[in-house]
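Q: With the hints as extra help, turn the sequences into a complete structure.
These protein sequence lines are chains A and B, in that order.
Using my numbering, the first residue of the first sequence is number 1, and each one after it goes up by one.
Using my numbering, the first residue of the second sequence is number 1, and each one after it goes up by one.
Note that the list lumps identical chains together, so a pair holds whenever it fits in one copy or between two copies.
When the alpha-carbon atoms are kept at most 30 Å apart in a straight line, the in silico DSS-like pairs for lysine-lysine are as follows:
#1 Lys151 / Lys166
#2 Lys166 / Lys144
#3 Lys172 / Lys44
#4 Lys44 / Lys166
The hints are simulated quantities; they were obtained by calculation from the structure and are not laboratory data.
2 protein chains.
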Amino acid sequence: MRSVVLLSGGMDSTLTAAIAAAESDAVAAIHFNYRHRTERRELKAFNDVCDFYEINQRLIVDAEVIRQIGGSSLTDEAIPVTKADLHSNIVPSSYVPFRNGTFLAIATGWAEVISAANIYIGAVEEDSSGYPDCRTVFFEAFEKALQLGTKPETHISIKTPLISMKKSEIVKRSLELGAPLERTWSCYQSEDIACGECDSCALRLRGFAQANAQDPLPYRVRPTYE
Amino acid sequence: MRSVVLLSGGMDSTLTAAIAAAESDAVAAIHFNYRHRTERRELKAFNDVCDFYEINQRLIVDAEVIRQIGGSSLTDEAIPVTKADLHSNIVPSSYVPFRNGTFLAIATGWAEVISAANIYIGAVEEDSSGYPDCRTVFFEAFEKALQLGTKPETHISIKTPLISMKKSEIVKRSLELGAPLERTWSCYQSEDIACGECDSCALRLRGFAQANAQDPLPYRVRPTYE
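A: As structure tokens, this is what we get:
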């Protein structure tokens, strides 16, 4: 049974690839290049992680449309990256409108063509930044839509194995499974040394701190978390 | 109230634009260029129709991914275009895997950014070629998914005003509304003179015949329909 995994090259999608590899006969990986700030670094991480798991079937999608649409600090350099506020309920500026919907729709088309039975996505609800398209209710609704919008003989499940993990559990599970965290990239702000201050860095560093583990990546600033 | 219309440049989406224009304060149009056989001709039709309805907010999306994914005669020239068989229940070779899902997901992101309340899509279920992503059950399921995958304050409806029309009704309604059918393009096979034989031409010509009307476009072959 073949599975497709959405692999950005970050820590969450890398653990998701590890789980998909353990649960599937073959894994194919899809990466979305939407020419955001840190795309080159993420693409390297994607290929490094694919190499590690010997994933040969790779699809790199030019998702320039995400930048055309705009509306996010991740794709529009005129919108500042907000400093992390892990206690706020406001959707942060890095939210890309309906990104997971777009990515899953494209992955669905590919999965249908290559006869994959599952699409793995490393979304995290519990500990997330408040993105609406990272919630179980959304994925369940999307799975129903894809069942109805594909051929009668096509049956694709959406798998979200990280959905209720905290970042610290992701770190622990990654270490248990030997996932190559040193090959991953999470920072939204820079490509050489992680900034340590954006939402994504803050969540990652807090996860490592709570797992009592050391992040192998270098950081410009390393805030202290409990 | 602003609406987004998916406008390929064909007859169905042009009537949909006419209806959206009548029902909205402002219309924005999105066109997907997936570099298929007849893209240049369709893009001209898109712009000609936008000009007619004075739609200035236009988004042309490079949806090269549709071609990368393949699996359809519409985007893969190695897959032959099947001759029309309007009586078969088999999904035809021109089916592009989950195309409407992908297009609607992208349109949702744009609609969220520009604060549009509706997305109009000219899908036809009753008289369609058997595409699974042209059915009301799919659009209803997708609307639920988009409600859950966008910001809490975002409320976008999917409008399918043509969904239960026969092609002959589309022709009649277009003529009633004065929609510029002479600016549209439907043929999947050629860009200069419509082939008259592909699924899309066959459906169009049969629609005109059943409406007792004359298609203003030239055809290489004009089969007789009752």
